[in-house]
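2 protein chains.
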Amino acid sequence: MSKADGDEGGGGSSETAQQPEEKTPAEGLLSKLSAATIGPGWTKVSCPCCVSERVEPLVLVKLGEKVRPETKRWLIKVIGAPQKDGGAGLLAHPGEDASGDIIVVSVPRCTLLKATEELGLCKTYRSGDMEAFSYHDRDNFKDSDNMEVFLTLAERQYIVKYELDGLRAQRDLRIPGLSDSYTLHHRDNIWQKLVSAGVIVDSFPLHNPDQLKDLSEAWYSGNQLAQPLDAVNGYFGSSVAFYFSFLDFYTWSLLPPAILGLAITYFSGEVQKEMEESVSASPVTDVEEDSGPTVGGHMIQAVFSMLWSTVVMEMWKRRSSTLSYRWGTLHLAERFAEPRPGFHGDVGVNPVTGRMEPLFPEWQRDLRMALVSVPVVGLFLGLVLLGMLGFYWGEAQVQQLHTDWDSLLSQTLIYMPSVLHILYTNVLSTLYRTVAQSLTEYENHREQSAFENHLTAKILVFTFFNYFAVLFHIAFFKQDVPLLRKRLASLLIVTQLINQVTEVVIPFLVDRFISAPRRTESEDDPPEDKFRNQGTLPVFPGLFAEYIELLVQFGYLSLFSCVYPLTAVLLLINNLTEIRSDAYKICKLFRKPFCPPVANMGVWQIAFEVLSFVSVVSNCWLLLLSPWLQELCKGGGMNSTNVLLLAVLVEHVLILVKMVMAVLIPDEPDWIRKKREHIEYTSMQALREQKLHSEES
Amino acid sequence: MSKADGDEGGGGSSETAQQPEEKTPAEGLLSKLSAATIGPGWTKVSCPCCVSERVEPLVLVKLGEKVRPETKRWLIKVIGAPQKDGGAGLLAHPGEDASGDIIVVSVPRCTLLKATEELGLCKTYRSGDMEAFSYHDRDNFKDSDNMEVFLTLAERQYIVKYELDGLRAQRDLRIPGLSDSYTLHHRDNIWQKLVSAGVIVDSFPLHNPDQLKDLSEAWYSGNQLAQPLDAVNGYFGSSVAFYFSFLDFYTWSLLPPAILGLAITYFSGEVQKEMEESVSASPVTDVEEDSGPTVGGHMIQAVFSMLWSTVVMEMWKRRSSTLSYRWGTLHLAERFAEPRPGFHGDVGVNPVTGRMEPLFPEWQRDLRMALVSVPVVGLFLGLVLLGMLGFYWGEAQVQQLHTDWDSLLSQTLIYMPSVLHILYTNVLSTLYRTVAQSLTEYENHREQSAFENHLTAKILVFTFFNYFAVLFHIAFFKQDVPLLRKRLASLLIVTQLINQVTEVVIPFLVDRFISAPRRTESEDDPPEDKFRNQGTLPVFPGLFAEYIELLVQFGYLSLFSCVYPLTAVLLLINNLTEIRSDAYKICKLFRKPFCPPVANMGVWQIAFEVLSFVSVVSNCWLLLLSPWLQELCKGGGMNSTNVLLLAVLVEHVLILVKMVMAVLIPDEPDWIRKKREHIEYTSMQALREQKLHSEES
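Protein chains in written order, with my numbering: chain A, 1 to 697; chain B, 1 to 697.
If we strip away everything but chain A, and leave its shape as in the complex, we get (with noise of 0.2 Å):
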């Protein structure tokens, strides 16, 4: 991380101890803040040990453009004012001047320590090791009197945000500029009340220019073969770190199925040259062809296969709690935080915590969720199944038409079922999306970690199905095994052109000739401007659709790559450049986002061990169905019911030997458990020891 990038970031902001002023009246404090450039002109910081030279801006908050100065000036002293008198104890500095839509937002030292305790982040302590982060005990940790050093700009930017989101009115309260219809009351979101309001229109963490070119270079500029995971963890946080180690570790280990499948290519091609040289001119050879690779080849690649896919999530699993050691998450303090923004309920004594905040009965969610969300995922699954059916019925019909009529408009109409599918899809998908964000909205999770978890598995399970309802269909009900595979090869090299174009040629051509244009950024420029350029940067989407990439991808490989053996070597090249696509993506293309520190990918891994399990049973299925099989059947060779149970049996054994192949390997390496051992021991006996000191005090 560069140091020296202070010049730009500000001036030296000359408060000295002093004690908040936020009983004065709020015209009398902005006096002093409607400097014209971004260097003094900061909030004061209430305690003397956060008192820097300089000043960080990390976070700009945009605000609508009808915004009154007085409403611009209370909100400045909320954001401005320490958190024991109601505000966020951060840093504002008003961009131009008084009246203008932007506010720019950095953090004291002590905001950042207390609220890195609150997080439960793990620091590297005196002694080396990484500890649950304690703010009494502050100057053990290595670092921590240089926060630049001590948290990453992720971290930082994280910490402003969750100051802002967690602002609650301490009393009634009418906010100065506003209607009467947005007055606070006691315990009110003051954040989620602006913004409803449409006082805050965005707000987005900024770009440190620097760290992004050294990153950039680092990252995808060159041939290097490794990704800096740090660096990303450090610049973007966690979240973005673990999906990019994800896609890199899951990338190197497509390579044995990759050898394997090449192998089996060729092998095959081998063995069918020779059958036909021995066989010449037989009429076999026209079936052969078409059954691609050999039975040995099959059986080889799907229990390969199925083995494989346990393997690699469960070495996953130790990755990426060595990961989260390193990151410092391992000892999240979520559920112990305060309840995310949109979490409402009556306000209560928390039992866990004795916290005074508002509480939601579990049974409620829960009944919620089993009358509510359940039922309408249900239906919507239900509906892409009724467009399936729809379509083979349209398709049907109008092959019947054509072979009937054979005019230029049956040919034409050959055409309508699929369209009218995609189309149909589309609106569906789409229509789904918002539904999943509002039953997600309505189950009112208390943490933020579970409300995107049960958002992301309403709408994985969704995609899923819309994504495999086709495969499946072709594979149990069609048993059609050479239409699977022309399905699969089609799906593959198509999705994953389509998805590398619209991820990011399009963004790129958007970006290049459309935005940069009117972005046209001078070094002379003032920092707000170039603060302001970054906001007409796209949001970032988030990063599922990336992961429901990569789990499509794996479903292709586990679930029926024994059709197909050349699936892992498509993937591989495809996930190659797809490294590369997406950190260009999130370093140039959109605006950086907020990400919240987190252990793991969360409800993604539990997606792709389900997917381990399926594959087993569909794997059986197809080997099944497999043309060589099916001659022995019909040759007499076998009885077709005890092929099928030995298929069973087969199946029973794999999943049986990857549950314990699962339950074998340990989830996290010895020392990293180790290490969790004794911070979970230093924890219980600190409780006997505090039990103590609480009551000599």
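Heads up, none of these hints are tricks.
Chain copies aren't distinguished; within one or between two, either way the pair holds.
In silico SDA-like cross-links for lysine to any residue, where the CA-CA straight-line distance does not exceed 25 Å:
1. LYS84 to TYR681
2. LYS317 to GLU362
3. LYS674 to GLU117
4. LYS674 to VAL347
5. LYS478 to ASN642
6. LYS161 to ASP101
7. LYS478 to LEU645
8. LYS193 to GLY100
9. LYS44 to ARG68
10. LYS478 to LEU644
11. LYS123 to TYR681
12. LYS674 to ARG335
13. LYS84 to VAL347
14. LYS674 to THR353
15. LYS674 to GLY602
16. LYS123 to THR682
17. LYS317 to PRO361
18. LYS317 to ARG335
19. LYS142 to VAL352
20. LYS674 to GLY348
21. LYS674 to PRO339
Please keep in mind that the hints were generated in silico from the structure rather than gathered at the bench.
Fit chain B to the known structure of chain A by using the hints.
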């Protein structure tokens, strides 16, 4: 708990606060201990708070007959010395005189409280909640001045054992009166050395006659339906209490399947009669008689029992966590405690706790398990199979012989295979128990619970295989449902009867007519004789046999019950008597066992859950074998392959439903979760506070 039973527990021990005397020669100390009664004569306590009016005799240590007085004196000194001087911090009494072969052990308050903290027991705090006990904060816990209320009898006795087992030599030392080959080295376990030297023959907790009388009245003497589980926990400890709680819970949960089984038997009888009437004198009747319940009953029973088993196990987990909270074992600290006595390794610094103790690398244990334990267990399972196959082969041979010769000799020979098989099985299982014990010793587990879980798992797999191999063989290979039904019915009735007889009737008779006459006890006997008499009872064989009996029952019910719907009824009747006979057995027929505090059933929980999933496979298979389906296939009503496919589909759906149910039913009730999170939160908070304090001091 009766507190007025002090009159036989001992007179007032009139020690005042005094420094420990372990540095005076043992002979000097002993002069004060050689009183004739159990009243005075206890070793002295080392701190003023532990001085109490009376000392409760808790544990009897039986010495070898040839133990020299100086060895006994030395042992008493070690037991009585404070912990900081390498003693056990307990109270010892030499019985009648210094040359007698018993030592009676009790425990002072401070040792109890410190051990309570070390074990991680939760106790009622001032606020009324359960909290992890802290020695420093002892005054804020309820009843912490009265040990007989604060800790249960079982806990106090376990703590005595815990301290004795934990005795380690602080330096190299010759034990007085023993040969040089028994010299103690630094950190050697003293108790183990004395046992191997034959100095200590036995040690067992003493019964408290008054409490035992109260308990037995509330437990099995009357007609009460509910068991006094809290009193059982208090008197025998939580592992015994968990067994009886599970027995209780499981017995009541047998009601629904029992009612369903009765209904199905009744209605299928009706239907059968009607059918017989309508198609009277048809040749089908004969087949119908053997096919048992109709296919409808079959299916209802099967699906019901599959779902029932998951619901029962999930509900039990909830109940189990409630009990563990109530009994203060929710937060046991076994991982952080001293390793179990048999654990060995190179002395080093434990990375978790920072204490000096023997260490043994995890990977080495894993290696031993993978390369030694697993193959050996596999070998024994193979031997069971081999025995079974040999039995079938022998039976066929003998049958052949009998039909060929038909003589008296051949008729006798018919029983040979059965007899040989029973002999073989018995020899094998005896051998296996020894082997399993040594294997688990060799695996060198650090914690007692890990040791026991691994031992239990080994014996469990074998026993289960032994019990069910024949039934699985009949169901899956012979595919003979009527034979399975007959075998199941006979097993259910015969094994239950045999169990009841061997477990209760024989020990009762032995006790009544062989042991009791030798144990003539009168009110006037000195307490030493009463204590010594308890040693004549046989050692409690542990709960293994009891649990395996329940597991086998559960297996009959969930795996095969669809072929014999009355299973649940028979089990219900059996268990209602089983509760009483088990209670009688543990109270009267055996020595009181030491029971470590436990938080759940350990590995048994998993065994029951695994069985519940295996039941889906077996039930679907049995339904497939049902005569109705077979008829249908033969009649051509349905293709047999399609029926099989349908069965596989149903099986997968049911497994999915069970898994979803297991995930959706939370493992602990909401209020327990809150309490647990509260303990976690306070310990996290404490960690932060403590760092501050350790800083200051």
